[in-house]
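Q: Heads up: the sequence shown begins at 1 in our numbering, then just goes up one per residue.
Check each hint, because a few of them may be wrong.
Stated by the list, open to error - Computed spacing ranges between beta-carbons, pair by pair:
#1 Glu645 <-> Ala465: 33 to 39 Å
#2 Ser28 <-> Arg414: 23 to 29 Å
#3 Arg626 <-> Arg127: 35 to 41 Å
#4 Gly472 <-> Thr616: 28 to 34 Å
#5 Pro614 <-> Arg496: 53 to 59 Å
#6 Ala530 <-> Asp489: 14 to 20 Å
#7 Ser588 <-> Arg301: 39 to 45 Å
#8 Leu520 <-> Ala624: 24 to 30 Å
#9 Leu224 <-> Gly27: 36 to 42 Å
#10 Thr173 <-> Phe314: 42 to 48 Å
Honestly, the hints are just simulated from the structure, not real lab data.
Quick reminder that beta carbons are idealized off the backbone N, C-alpha and C, glycines included.
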Amino acid sequence: MSEAQAEILRPLREELTLHPGPVAADGSPTWSLQDPVRNTFFRIDWPTFEVLSRWSCRTPEAVVESLQAETTLDLEIDDILAVQRFLMENQLCRIPGPEGTAWLLEREKASHSSITQWLLHHYLFFRLPLVRPDAWLRRMLPRVAVFYSRNFFRLTGLALLVGLVEVYRQWDTFSATLVDTLSWKGAAGYAVALVCVKVLHELGHGFTARRLGCRVPVMGVAFLVMWPVAYTDVNEAWKLTRRRDRLAVGAAGIVTESLIAAWATLAWAFLPEGTLRGIAFMLATVTWFSTLAINASPFMRFDGYFLLSDWLDFPNLHSRAFALARWDIRERLFALGEEAPEHFSPARQRSLILFAWGVWIYRLALFLGIAAMVYTLFFKALGLFLFAVEIGWFVIKPLWSEVKEWQRRWEVIRNRPRARRTAWIAAAVVVIGLIPWNFQVAGQGVLRTVRHFPLFPPGSAQVVALPVPEGGRVKAGTPLAVLASPDTDYRHFQARQRVEHLSWQVDVAGFDDSLRARQLVTQEELSTAASEESGTSRERERYVITAPFDGVLRDRLPDLRPGDWVGRQEPLAVLTDPSAWQVETYLSESEVARVEAGDGGRFFPETRGQASLPLTVVRVDRDATRILQDPMLASTHGGELLVRERKGQLVPEQAVYRVVLTVDDPQAAHRAQRGHLVIYGSPKTLLGDFLRTALAVLVRESGW
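Model the full structure from these sequences, guided by the hints.
A: And the structure:
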């Protein structure tokens, strides 16, 4: 309805009640207007109260005349019409006649939403009332009066002090118990404890409100993104004029949980091992976490928020801080010169703006975490949809609403010098994100010859001879180490003796009837013995380690002398071919995409004083490395590549890809060693890197 049609003030609904409110920060009185049908309250200031007190004057002009005659207020007709708009928007007026009926039907039609919108809203948040506890709370109130006594709180403080001291003394046991409960069975126990604590939490609100004369019409469960959160309707706390009483109602849940935590901590400290001690431990830990991490936080609309709002005497703290922060953003970006939504002292204004930013950052992290959890809990198609709903509703929608505010002010924004400066800064940021600043791909690698042959004993053996000294050059086939295995020699001796004995039996079989009778068996045994002798002979040859190619003997085992004993797989030395060197490194998925064969680079040895070496990429693996073959690069051996040991093998924590580079000047390389390298790959931009990573995640997660 238009303001021209509102010359006759609409009558107020008869069931509305008005209650004295707390004194405002500026010292002026306030009142609480109650709608008992919906159990909602509206805080009104002194001018609005004076207007409502004269609502029976029927017309805005008459109300203004009465105010000017009887009060010091200087209000205009527009102020009276603004009060009527407030009453109409909140359905606090009676609207008789066809016109009012049509208006109500229009409001009812506008409140209806499509099935999609209904499902979306009720998926994100809905309430499920369970009980109407007011009568029961009133009957039970005398029985819980002891919990409100000063002596009980003093005793609880003593219990908390003793419990914390005992936990400190038994900290090893306490922490070990915490680790033991990190299981599915422990999670189930914590869930049961959390449900019990939350029920008592809500009863704390209900009993305290009822004790102060407030009606508690309903208790139930609210679902925030399908996560259950218990709630108690204590809206009648708005009727309380003393701030201390309102704080008592708001803090009752946190106080209840703190009481449970204090007594549970004391019980854990003195109970013997068993079920009761386990229950006390879970109650203590879950209540401390629930109170400190969730309920006491002012960043969500939980107890901490309402406590802070009442303590500051600042109703609608979030929405008012958000409005002020959005105004501050627009002024800093565009200098529109708009008046602030509300006027505060500079210190309070800064505090509210910082608080709003803190809430936004906290909620962004929380909603991203909830979206990720929802994505993982459901099958992929539904998970992606719900993830998009979460991000769209809680992150994109608020941002888009602010962008629409900018669009609405576009004609003013485009003519502001501050807006042009902001545009230049934004363009510079985009340019910085698009310009390729980084052409280098850095990593850690190992320098070694292309061909290298480590010398390992085939088994426990004794050194017979070491014919090649450290640094000696050899030809292919040259013996590098002569070893002897008494066990192998003995088995070879036995096999040879058996061959000789069986050969003699075959030779004299023509002269002995018994030998002639088993001649075929003897020949088979001789064949087997000959094979065994050949096998032990080849095994003995393995203990003479020869050079497979021309090269130089390096890294010989220190103090190794003939006569010494060496174990199986104990490194004796390494034969290298110094004519060709290479560097092996492992790069992440984002870095390896910038590298291809033919790219240049440089290797910087860890040993000080050695010159860097020019490199050329010759091979880039397209499959991730599953097992790290070179322990020198592993974090467990002082390297930079994060690995974990599994069944004696080194497994990279993240996907890495092997890259091989040759040394352009092999004469400048002298020995195998670890170092850092730089590859001159394709350019990297900040924006491109972000888009590449986001696209990779999207492609990976969208695969069915």
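Q: Look at each hint and say if it fits the structure.
A: To see whether the hints hold, each was checked on the structure:
1. Between Glu645 and Ala465 the beta carbons are some 38 Å apart, a value that agrees with the proposed interval 33 to 39 Å.
2. The hint said 23 to 29 Å for the Cβ distance between Ser28 and Arg414, and at roughly 41 Å that hint is violated.
3. Hint check: Arg626 to Arg127, Cβ distance near 51 Å, so the stated range 35 to 41 Å is violated.
4. Between Gly472 and Thr616, the C-beta spacing of about 30 Å keeps the proposed range 28 to 34 Å intact.
5. Distance hint check: the CB atoms of Pro614 and Arg496 are about 57 Å apart, consistent with the given range 53 to 59 Å.
6. Taking 14 to 20 Å as the suggested C-beta distance range, the pair Ala530 and Asp489 conforms, at roughly 18 Å.
7. Take Ser588 and Arg301: their Cβ atoms lie about 41 Å apart, and the range 39 to 45 Å holds.
8. Range check, Leu520 to Ala624: Cβ separation about 59 Å, and the 24 to 30 Å hint is violated.
9. The hint said 36 to 42 Å for the Cβ distance between Leu224 and Gly27, and at roughly 38 Å that hint holds.
10. Here the CB-CB span from Thr173 to Phe314 is close to 45 Å, well matched to the stated 42 to 48 Å.
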